[in-house]
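Modelling step: build the complete structure from the supplied sequences, incorporating the hints.
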Amino acid sequence: MMAGAVTTPEKSSQTTRQTYPNYKVIVLNDEFNTFEHVAECLMKYIPNMNGDRAWKLTNQIHFDGQAIVWTGPLEQAELYHMQLGMEGLTLAPLEAG
Numbered sequence: 001m002m003a004g005a006v007t008t009p010e011k012s013s014q015t016t017r018q019t020y021p022n023y024k025v026i027v028l029n030d031e032f033n034t035f036e037h038v039a040e041c042l043m044k045y046i047p048n049m050n051g052d053r054a055w056k057l058t059n060q061i062h063f064d065g066q067a068i069v070w071t072g073p074l075e076q077a078e079l080y081h082m083q084l085g086m087e088g089l090t091l092a093p094l095e096a097g
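Numbering (the UniProt record's numbering), first residue to last: 1 to 97.
Since the hints were derived computationally from the structure, they do not count as laboratory data. Hints should not be assumed to be uniformly reliable.
No more than 16 Å apart at the CA atoms, straight line, and that leaves these computed lysine to aspartate or glutamate pairs for EDC-like [to be verified]:
{"id": "1", "residue 1": "K44", "residue 2": "E95"}
{"id": "2", "residue 1": "K24", "residue 2": "E78"}
{"id": "3", "residue 1": "K24", "residue 2": "E75"}
{"id": "4", "residue 1": "K24", "residue 2": "E95"}
{"id": "5", "residue 1": "K56", "residue 2": "E75"}
{"id": "6", "residue 1": "K56", "residue 2": "E78"}
Written out as structure tokens, the structure is:
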């Protein structure tokens with residue numbers, strides 16, 4: 001190598017892919033929404049939600065105080081969060097994870 005020569009680092013041929021975080025839509029227990037209303041809202045707005053799963057989550061909300069009802073990309077999470085909130089459900093802020 002000559003004096004004063006600059007060497008450039010070799011480029012890596014590997015690409016690191018970083019995934020976007022998933023967001024959790026969490027419904028909280030409250031004293032004014034009925035079991036029926038919560039289950040109906042889950043079936044109406046959460047994709048692929050069937051009656052059995054909706055009722056299981058509704059019971060979890062009631063007895064545990066909360067339940068994660070959907071997890072996925074931010075834009076969809078924001079939509080479901082907004083729709084459930086407009087129906088009067090009590091929700092935790094969206095949570096990355």
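Quick rundown of the hints versus the structure:
1. K44 - E95: The given pair, whose Cα atoms are some 22 Å apart, is violated under the 16 Å limit.
2. K24 - E78: 10 Å, holds
3. K24 - E75: 12 Å, holds
4. K24 - E95: OK: K24 and E95 at ~5 Å, within 16 Å.
5. K56 - E75: 25 Å, violated
6. K56 - E78: 23 Å, violated
When held up to the earlier numbered hints, the structure conflicts with 1, 5 and 6 and fits the remainder.
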